[in-house]
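A.B. asks: Take these sequences, add in the hints, and give me the full structure.
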Amino acid sequence: MLEVVHGKSKNSLAVIQIADKLQTMGVDGTLYIGYPILASADETIFIDALFVSREHGLVVFDISQEAPLPGDESWNGIRDKQDSLFFALSNNLGRHTSLRAGRKLAITPNVISILPDIATSPPNLGGLLIATVDSLPSVLSGLAPFNQEYERPLNAALQRVTTLKPQKKRSAVQKDNSRGAILRQIEASIANLDHWQKRAAIETPDSPQRIRGLAGSGKTVVLAFKAAYLHTQYPDWKIALTFHTQSLYQQLTELVRRFTYEHANDEPDFEMLQIMHAWGSASKPGVYAKIAEHTNCTVRDFLYAKSKYGTKEAFHGVCVELLNATKDDDIEPIWDAVLIDEAQDLTSPFFRLIYRFTKSPKRIIWVYDELQNLGDHIMPDLGELFGRDADGTELVTLENRLGEPTQDIVLPVCYRNTHWALTLAHALGFGIYRDEGIVQLFDERSLWDNIGYRIVSGELLPGKEVVLERKPDSYPKYFLELLNEEDAVICKGFESKQEQAQHVATEISRNLKEDELEPDDILIILPNPLTAKSEGMLVSTALAQKGITSHIAGVTTSRDEMFSAGSVAISNIYRAKGNEAPMVYVLNCQDCFGGNELIKLRNTLFTAITRSRAWVRLYGWGHEMKSLQEEVDQVRKSSYRLRFRVPSPDELDRLRMIHRDLSSKEKGRIQAAKKQLGEIVESIESGQMMLEDIPPELREALLKVLNTQQS
Amino acid sequence: MITTRHVRNHIQNLIDLLISSKIAITANPAVIVSHDTAMRVTWPMKSTLSSVLIPFGTIKEYMRILEARAYSAVLFDGALLQISYDIVHNRIMGHRLCYYPCPFDIDRDLLLEEPILDIVEAYASSESTDVRLRSPIRFDFSRREGATYASSHVHLLWSHCRCPVFAPLSLGHFVRFVFSNFYPDLWCRHSFLQEWPQEPTRRTISPDQECSLHFTCRDA
Chain A
1 MLEVVHGKSK NSLAVIQIAD KLQTMGVDGT LYIGYPILAS ADETIFIDAL FVSREHGLVV
61 FDISQEAPLP GDESWNGIRD KQDSLFFALS NNLGRHTSLR AGRKLAITPN VISILPDIAT
121 SPPNLGGLLI ATVDSLPSVL SGLAPFNQEY ERPLNAALQR VTTLKPQKKR SAVQKDNSRG
181 AILRQIEASI ANLDHWQKRA AIETPDSPQR IRGLAGSGKT VVLAFKAAYL HTQYPDWKIA
241 LTFHTQSLYQ QLTELVRRFT YEHANDEPDF EMLQIMHAWG SASKPGVYAK IAEHTNCTVR
301 DFLYAKSKYG TKEAFHGVCV ELLNATKDDD IEPIWDAVLI DEAQDLTSPF FRLIYRFTKS
361 PKRIIWVYDE LQNLGDHIMP DLGELFGRDA DGTELVTLEN RLGEPTQDIV LPVCYRNTHW
421 ALTLAHALGF GIYRDEGIVQ LFDERSLWDN IGYRIVSGEL LPGKEVVLER KPDSYPKYFL
481 ELLNEEDAVI CKGFESKQEQ AQHVATEISR NLKEDELEPD DILIILPNPL TAKSEGMLVS
541 TALAQKGITS HIAGVTTSRD EMFSAGSVAI SNIYRAKGNE APMVYVLNCQ DCFGGNELIK
601 LRNTLFTAIT RSRAWVRLYG WGHEMKSLQE EVDQVRKSSY RLRFRVPSPD ELDRLRMIHR
661 DLSSKEKGRI QAAKKQLGEI VESIESGQMM LEDIPPELRE ALLKVLNTQQ S
Chain B
712 MITTRHVRNH IQNLIDLLIS SKIAITANPA VIVSHDTAMR VTWPMKSTLS SVLIPFGTIK
772 EYMRILEARA YSAVLFDGAL LQISYDIVHN RIMGHRLCYY PCPFDIDRDL LLEEPILDIV
832 EAYASSESTD VRLRSPIRFD FSRREGATYA SSHVHLLWSH CRCPVFAPLS LGHFVRFVFS
892 NFYPDLWCRH SFLQEWPQEP TRRTISPDQE CSLHFTCRDA
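If you're matching them up, the sequences are chains A and B in order.
The opening residue of the first sequence carries number 1 in my numbering; numbering runs sequentially from there.
The opening residue of the second sequence carries number 712 in my numbering; numbering runs sequentially from there.
The hints are simulated quantities; they were obtained by calculation from the structure and are not laboratory data.
The beta carbon of each residue, even a glycine, is placed where N, CA and C say it ideally should be.
Everything hinted at is true.
So, partial list: chain A residues that the calculated Cβ filter (under 8 Å) puts toward chain B:
1. S540
2. T541
3. G554
Below, a sample of chain A positions facing chain B; criterion: calculated Cβ distance under 10 Å:
4. L530
5. S534
6. V555
In silico lysine-lysine, DSS-like type, Cα no more than 30 Å apart, as pairs:
7. A:K600 - B:K733
8. B:K733 - A:K674
9. A:K290 - B:K771
10. B:K733 - A:K308
11. B:K771 - A:K306
12. A:K546 - B:K733
13. B:K771 - A:K312
14. A:K312 - B:K733
15. B:K733 - A:K675
16. A:K308 - B:K771
C.D. replies: So this is what it looks like as structure tokens:
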């Protein structure tokens, strides 16, 4: 099957004809339109299309608008262009040792010039390949296939992903089947972008684009790739790449720099490609601050916002303020394209600001995973997110059209987590096996399929029972070969947090001494950010008693590096976001079991579990941990399948309302009511108060409310 | 007998209690390192504090200490405690006992939830009126040949200010001084603070130094 990836080409019409021709030929392979960009010593070379197929090898298509005449000098021009493309691609690939055979390149690129017609034969210019769209099959049939052992390294090189994974040496690994040895095998596998990642990274429509993906599906890498690709292709565009978590800045900058080098062999121009936090800080500019400055509005800082709107609503408040302050002005937009990572954590007024200050055709690309939302805003629908016009029509709509760059992409393959860990994360995140019922669920039922689940039985319809499981192609095969479900996920309860800390220290000591893991392979996550600083100390002390060095990341500043060689990282959930480690210990899981704001608590658990690249340990203490363990047991007993009754849209709305985030006022009110109710029950039970002391109408009203809610 | 291990355990116990009682939001473990001829019980030194370059009692110095994690504990209001002793042959030969109040009145929930330095930077860069003019109080003990000041002294307001102190201080002296004076509510509420022993130390103040105003106390 032919896969067409729609990058940008100035000869897009002719390239589409080539794509159609290849489709009719029934060839297998990938046709990259307008990709890759190659850098020679003195220029950036744009390719019309590149075709990679086992059958026909590696082929560059170069489109000529006019057919040369006999004896015409322009034949030399075609020849020169082919040579230039050949050497640029060869040099690019030759940098990769995995693509060399001795002193030669293992795969020889072919360059075919596509002409409108070939009225006359070209002069004898040895090796020149020319074709019209119609004669393409016969020219391609003369090309040799490449050795399949080079396919993965070739794709990795073309997709610029060869340098993405820092390879650990793991020279201390002695045993064949230790955890360290398993990681060595996992890390040695060559990454290739999958079908969806290729589209998400290379295709940019002349319109907004939404990319949704699971944790570990490569969202951030894809976005950084896209930013670098757009920047290389359109160096005069003002592009903003923005994000929510401060600590992402370093990671995104490094990725963009690496990809820009791969594309253009040059540093990015950070004046044009601006990597900025959504808000900004004292030392770093932000998207909000840029817009405020651009519109001569006062840039509101955090303290202003906090005192005016409260900590939780601070960013929302300043965005609304700026939106209102600029709504009647006809102000020049700022950016040609804006790319937004972690969109689930950003508020809709921010999106509306972006919409207002991005030039037409509004190339706004936003990436998110709904379940990683740790903030106070549920991802709204498109109308709510970007707004509507005077007629009530949504400003942004998304539609995937055949033969055009995709507008709405879901990345379904999770490369980071085992399918056991991911299913568990979804089960706990949604509360699938929770006694009191589901906590939340996707509104869009088709998303289950998009994110890599298949129906085992039942139907995904409101009111119906359904059983889902991960599709076999939604995770890398090596998880099944190298890991097992009993060890991939372990859940354990303790009597006290001290006992929990001692057990973690013992386990980590074993990880380091017997399992051949390195300290920076291990991440300890503390879900409650309010207690993480002090709880981290307890764990750190327990580790120190066993001679294990550890550090609490993000206590002092978000600029802290998460991992440090020779030291086990301890982190709160916010700092852990965007990071991953082979062995993850999630402590104090009982904090996420129940209570108010359950959606946020369950999302915290989801985010924590999905930091694990191989093994995850869920620890906690007290009776709530026992209940959480029962939920985990249910997932195991169901063979890592999700069995539930699909709630109706009304039920989903109600769940959202029950488990919503609360303002401090609401929290106070609920706490007070709980306390009073508790006191009443206690007083009646102890005989200090008679039921009859409560006025009959109040008793009746209470009974009525309770009965309605229970039914 | 004062052993290095005894001092280390003593400090660690205090830190653990401060954490478990939620008086401190974070802390560093007490560690033992060799320092010249002494064994020093201190916080883990990650980078050298260039106190020469940064003026004493400034927001910049406070932030630099945070950045270098050069503290024993950070209290719930952002105040820092630095506790360090130099021991030679089972005797205290030096100490640094510093109470460094936070220069801002910071939202307590924010301090718990967010990285501390990020918050302080936000306060420092805003036109906040929450800034508080409070001097660090640092009890130092060091014997210097030819020094004209008391070997045990306290720095207040300026680094060159060295008010004489009667003797090197035990941890109990420092705990009592800080919590009974600056956190009277906590002092009343937590018996471990009140009961922390003020261990007697050898008087080092000279008769001349005793003639001017100085810090002193009797053994309990």
